[in-house]
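> In UniProt numbering, the protein residues as written are 1 to 197.
Since the hints were made in silico from the structure, they are not lab data.
Treat each hint with caution, since some may be false.
Stated by the list, open to error - Beta-carbon label-pair distances, calculated as ranges:
{"#": "1", "residue 1": "R15", "residue 2": "D185", "range": "27 to 37 Å"}
{"#": "2", "residue 1": "A154", "residue 2": "V49", "range": "31 to 41 Å"}
{"#": "3", "residue 1": "W117", "residue 2": "S47", "range": "16 to 26 Å"}
{"#": "4", "residue 1": "E178", "residue 2": "P44", "range": "52 to 62 Å"}
{"#": "5", "residue 1": "T130", "residue 2": "D190", "range": "54 to 64 Å"}
{"#": "6", "residue 1": "G115", "residue 2": "A24", "range": "56 to 66 Å"}
{"#": "7", "residue 1": "V42", "residue 2": "A181", "range": "32 to 42 Å"}
{"#": "8", "residue 1": "V45", "residue 2": "E178", "range": "16 to 26 Å"}
{"#": "9", "residue 1": "A84", "residue 2": "D16", "range": "10 to 20 Å"}
{"#": "10", "residue 1": "F48", "residue 2": "A25", "range": "25 to 35 Å"}
{"#": "11", "residue 1": "S47", "residue 2": "R86", "range": "38 to 48 Å"}
{"#": "12", "residue 1": "V42", "residue 2": "A154", "range": "51 to 61 Å"}
{"#": "13", "residue 1": "G109", "residue 2": "S47", "range": "51 to 61 Å"}
For glycine and all other residues, C-beta sits at the position ideal for the given N, C-alpha and C.
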Amino acid sequence: MPSLDAAYSSARLDRDPGRIALGAAACLIGTVAIAVAVLAVVTPVGSFVFGSETQARLIAGVGGGFGLPVVFAGLVAVLPSDRAERIGVALGAGGCLGGVALFWGTYPGGWGVGGQWAFPTLVVYFLGSTLAFLAVLWTLATYRVRNRPGGAIALDVQRPGETHTVQVSAAEFRRYRELIAAGEDGRVLDDLGLREE
(Lines of atoms letter the chains of each structure in order from A; the text may use other names.)
(Lines give C-alpha, C1' and ligand atoms only; values in the text may rest on other atoms or scores of the structure.)
Protein backbone atom coordinates (compact mmCIF):
# COMPACT_ATOMS: atom_id res chain seq x y z
CA MET A 1 0.00 0.00 0.00
CA PRO A 2 1.49 3.39 -0.90
CA SER A 3 1.97 5.97 1.81
CA LEU A 4 -1.07 8.15 2.49
CA ASP A 5 1.23 11.16 2.62
CA ALA A 6 2.57 10.37 -0.85
CA ALA A 7 -0.90 9.69 -2.20
CA TYR A 8 -2.46 12.92 -0.95
CA SER A 9 0.41 15.41 -0.81
CA SER A 10 0.79 15.43 -4.61
CA ALA A 11 -2.86 16.44 -5.18
CA ARG A 12 -1.93 20.12 -5.21
CA LEU A 13 0.76 19.54 -7.82
CA ASP A 14 -1.71 18.63 -10.58
CA ARG A 15 -1.17 22.16 -11.89
CA ASP A 16 2.04 23.68 -13.09
CA PRO A 17 3.94 25.18 -10.12
CA GLY A 18 5.40 27.80 -12.47
CA ARG A 19 1.89 28.94 -13.41
CA ILE A 20 0.95 29.19 -9.74
CA ALA A 21 4.09 31.23 -8.97
CA LEU A 22 3.45 33.48 -11.98
CA GLY A 23 -0.16 34.01 -10.87
CA ALA A 24 0.90 34.87 -7.33
CA ALA A 25 3.50 37.31 -8.68
CA ALA A 26 0.84 38.90 -10.92
CA CYS A 27 -1.46 39.36 -7.92
CA LEU A 28 1.36 40.99 -5.98
CA ILE A 29 2.39 43.28 -8.86
CA GLY A 30 -1.22 44.33 -9.50
CA THR A 31 -1.82 45.05 -5.82
CA VAL A 32 1.35 47.13 -5.58
CA ALA A 33 0.37 49.07 -8.74
CA ILE A 34 -3.05 49.87 -7.25
CA ALA A 35 -1.52 50.91 -3.91
CA VAL A 36 1.04 53.17 -5.61
CA ALA A 37 -1.72 54.70 -7.75
CA VAL A 38 -3.81 55.52 -4.70
CA LEU A 39 -0.83 56.99 -2.85
CA ALA A 40 0.14 59.08 -5.89
CA VAL A 41 -3.28 60.74 -5.92
CA VAL A 42 -4.15 61.13 -2.25
CA THR A 43 -0.77 62.28 -0.93
CA PRO A 44 1.48 65.17 -1.94
CA VAL A 45 4.21 62.63 -2.70
CA GLY A 46 2.69 62.01 -6.15
CA SER A 47 3.06 65.64 -7.21
CA PHE A 48 6.60 65.73 -5.85
CA VAL A 49 7.72 62.49 -7.53
CA PHE A 50 5.99 62.99 -10.89
CA GLY A 51 6.48 66.76 -11.18
CA SER A 52 2.86 67.94 -11.20
CA GLU A 53 -0.56 66.95 -9.95
CA THR A 54 -1.77 66.33 -13.50
CA GLN A 55 1.13 64.00 -14.22
CA ALA A 56 0.58 62.22 -10.89
CA ARG A 57 -3.10 61.66 -11.79
CA LEU A 58 -2.13 60.32 -15.21
CA ILE A 59 0.36 57.86 -13.72
CA ALA A 60 -2.14 56.89 -11.00
CA GLY A 61 -4.88 56.28 -13.57
CA VAL A 62 -2.61 54.10 -15.66
CA GLY A 63 -1.20 52.25 -12.63
CA GLY A 64 -4.57 51.60 -11.04
CA GLY A 65 -6.14 50.72 -14.37
CA PHE A 66 -3.31 48.30 -15.10
CA GLY A 67 -3.31 46.78 -11.59
CA LEU A 68 -6.91 45.55 -11.48
CA PRO A 69 -6.83 43.24 -14.54
CA VAL A 70 -3.41 41.96 -13.51
CA VAL A 71 -4.83 40.92 -10.12
CA PHE A 72 -7.79 39.22 -11.85
CA ALA A 73 -5.47 37.36 -14.24
CA GLY A 74 -3.29 36.30 -11.32
CA LEU A 75 -6.26 34.91 -9.43
CA VAL A 76 -7.38 32.82 -12.39
CA ALA A 77 -3.81 31.58 -12.87
CA VAL A 78 -3.49 30.53 -9.22
CA LEU A 79 -6.87 28.79 -8.97
CA PRO A 80 -7.65 25.64 -10.92
CA SER A 81 -9.33 26.98 -14.05
CA ASP A 82 -10.24 25.68 -17.46
CA ARG A 83 -9.46 27.17 -20.84
CA ALA A 84 -12.71 29.17 -21.12
CA GLU A 85 -12.07 30.91 -17.80
CA ARG A 86 -8.52 31.80 -18.79
CA ILE A 87 -9.73 33.13 -22.15
CA GLY A 88 -12.46 35.15 -20.39
CA VAL A 89 -10.03 36.83 -18.03
CA ALA A 90 -7.57 37.44 -20.89
CA LEU A 91 -10.27 39.13 -23.00
CA GLY A 92 -11.43 41.16 -20.00
CA ALA A 93 -7.87 42.20 -19.18
CA GLY A 94 -7.40 43.17 -22.82
CA GLY A 95 -10.48 45.39 -22.61
CA CYS A 96 -9.14 46.98 -19.44
CA LEU A 97 -5.79 47.63 -21.08
CA GLY A 98 -7.64 49.16 -24.05
CA GLY A 99 -9.36 51.51 -21.61
CA VAL A 100 -6.01 52.34 -20.02
CA ALA A 101 -4.53 53.10 -23.45
CA LEU A 102 -7.47 55.41 -24.24
CA PHE A 103 -6.98 57.15 -20.89
CA TRP A 104 -3.25 57.58 -21.55
CA GLY A 105 -3.95 59.17 -24.92
CA THR A 106 -6.74 61.49 -23.82
CA TYR A 107 -5.83 62.68 -20.31
CA PRO A 108 -5.96 65.59 -19.47
CA GLY A 109 -6.99 67.32 -22.72
CA GLY A 110 -9.94 65.11 -23.71
CA TRP A 111 -10.99 64.38 -20.16
CA GLY A 112 -13.39 65.99 -17.72
CA VAL A 113 -16.57 67.96 -18.37
CA GLY A 114 -17.23 68.15 -22.08
CA GLY A 115 -14.35 65.79 -22.88
CA GLN A 116 -15.31 63.61 -25.80
CA TRP A 117 -13.18 60.61 -24.76
CA ALA A 118 -14.06 60.26 -21.07
CA PHE A 119 -17.26 58.25 -21.55
CA PRO A 120 -15.94 55.85 -24.26
CA THR A 121 -12.83 55.22 -22.18
CA LEU A 122 -14.90 54.39 -19.11
CA VAL A 123 -17.21 52.11 -21.12
CA VAL A 124 -14.29 50.15 -22.60
CA TYR A 125 -12.65 49.78 -19.18
CA PHE A 126 -15.94 48.89 -17.47
CA LEU A 127 -16.78 46.18 -20.01
CA GLY A 128 -13.28 44.70 -19.79
CA SER A 129 -13.21 44.71 -16.00
CA THR A 130 -16.71 43.23 -15.83
CA LEU A 131 -15.72 40.36 -18.13
CA ALA A 132 -12.53 39.71 -16.16
CA PHE A 133 -14.42 39.86 -12.85
CA LEU A 134 -17.05 37.41 -14.13
CA ALA A 135 -14.27 35.03 -15.20
CA VAL A 136 -12.82 35.20 -11.67
CA LEU A 137 -16.25 34.62 -10.13
CA TRP A 138 -16.89 31.67 -12.43
CA THR A 139 -13.49 30.22 -11.52
CA LEU A 140 -14.30 30.52 -7.82
CA ALA A 141 -17.82 29.12 -8.26
CA THR A 142 -16.63 26.03 -10.12
CA TYR A 143 -13.63 25.34 -7.87
CA ARG A 144 -14.05 22.16 -5.88
CA VAL A 145 -11.84 21.37 -2.94
CA ARG A 146 -10.64 17.80 -2.91
CA ASN A 147 -11.53 16.01 0.31
CA ARG A 148 -13.42 18.79 2.04
CA PRO A 149 -12.91 18.75 5.81
CA GLY A 150 -15.89 17.31 7.63
CA GLY A 151 -16.97 15.20 4.67
CA ALA A 152 -16.05 11.71 3.65
CA ILE A 153 -12.61 11.11 2.21
CA ALA A 154 -12.12 8.41 -0.39
CA LEU A 155 -8.98 6.35 0.13
CA ASP A 156 -7.68 4.11 -2.63
CA VAL A 157 -5.86 1.15 -1.08
CA GLN A 158 -3.72 -0.46 -3.77
CA ARG A 159 -2.32 -3.95 -3.83
CA PRO A 160 -0.75 -5.77 -6.73
CA GLY A 161 -3.60 -6.43 -9.14
CA GLU A 162 -6.39 -4.79 -7.13
CA THR A 163 -7.56 -1.46 -5.74
CA HIS A 164 -10.08 -0.94 -2.93
CA THR A 165 -11.81 2.41 -2.39
CA VAL A 166 -12.82 3.07 1.21
CA GLN A 167 -14.75 6.09 2.57
CA VAL A 168 -13.43 7.46 5.88
CA SER A 169 -14.04 10.60 7.93
CA ALA A 170 -11.50 13.39 8.19
CA ALA A 171 -10.66 12.34 11.76
CA GLU A 172 -10.09 8.73 10.66
CA PHE A 173 -7.91 9.94 7.80
CA ARG A 174 -5.72 11.92 10.19
CA ARG A 175 -5.44 8.90 12.54
CA TYR A 176 -4.55 6.55 9.66
CA ARG A 177 -1.96 9.00 8.38
CA GLU A 178 -0.32 9.10 11.82
CA LEU A 179 -0.37 5.30 12.09
CA ILE A 180 1.25 4.88 8.68
CA ALA A 181 3.88 7.51 9.50
CA ALA A 182 4.65 5.47 12.63
CA GLY A 183 5.06 2.33 10.50
CA GLU A 184 1.84 0.64 11.61
CA ASP A 185 0.32 -0.09 8.20
CA GLY A 186 -1.11 -3.38 9.50
CA ARG A 187 -3.34 -1.64 12.05
CA VAL A 188 -4.76 0.56 9.29
CA LEU A 189 -5.51 -2.48 7.14
CA ASP A 190 -7.14 -4.20 10.14
CA ASP A 191 -9.33 -1.14 10.83
CA LEU A 192 -10.37 -0.98 7.19
CA GLY A 193 -11.02 -4.73 7.05
CA LEU A 194 -8.57 -5.20 4.21
CA ARG A 195 -5.85 -7.36 5.77
CA GLU A 196 -5.14 -10.48 3.77
CA GLU A 197 -5.36 -13.71 5.72
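> Honestly, do R15 and D185 meet the 27 to 37 Å range at C-beta?
holds, 30 Å
> Taking 56 to 66 Å as the stated bounds, is the beta-carbon spacing between G115 and A24 within them?
With Cβ atoms ~38 Å apart, the hint is violated.
> Indicate whether the distance between the beta carbons of S47 and R86 respects the range 38 to 48 Å.
holds, 39 Å
> Could you check the hint for me, namely that G109 and S47 are 51 to 61 Å apart, CB to CB?
violated, 19 Å
> Using the beta carbons of V42 and A154, state whether their distance is inside 51 to 61 Å or not.
holds, 52 Å
> Falls inside 16 to 26 Å, the C-beta gap from W117 to S47?
24 Å Cβ-Cβ, so the 16 to 26 Å window holds.
> When you take the CB atoms of A84 and D16, is the distance between them in 10 to 20 Å?
With a Cβ separation near 18 Å, A84 and D16 satisfy 10 to 20 Å, so the hint holds.
> Between A154 and V49, is the Cβ distance one that fits in 31 to 41 Å?
57 Å Cβ-Cβ, so the 31 to 41 Å window is violated.
> Between E178 and P44, does the C-beta distance stay in 52 to 62 Å?
With a Cβ separation near 59 Å, E178 and P44 satisfy 52 to 62 Å, so the hint holds.
> Just to be sure I understand the hint, the distance between the Cβ atoms of V45 and E178 should be within 16 to 26 Å; is that true here?
violated, 54 Å
> With respect to the beta-carbon atoms only, verify the hint that F48 and A25 lie 25 to 35 Å apart.
For A25 against F48, whose Cβ atoms are near 29 Å apart, the range 25 to 35 Å holds.
> Can you let me know if the beta-carbon spacing of V42 and A181 is within 32 to 42 Å?
violated, 53 Å
Checked against the numbered hints above, the structure breaks hints 2, 6, 7, 8 and 13 and satisfies the rest.
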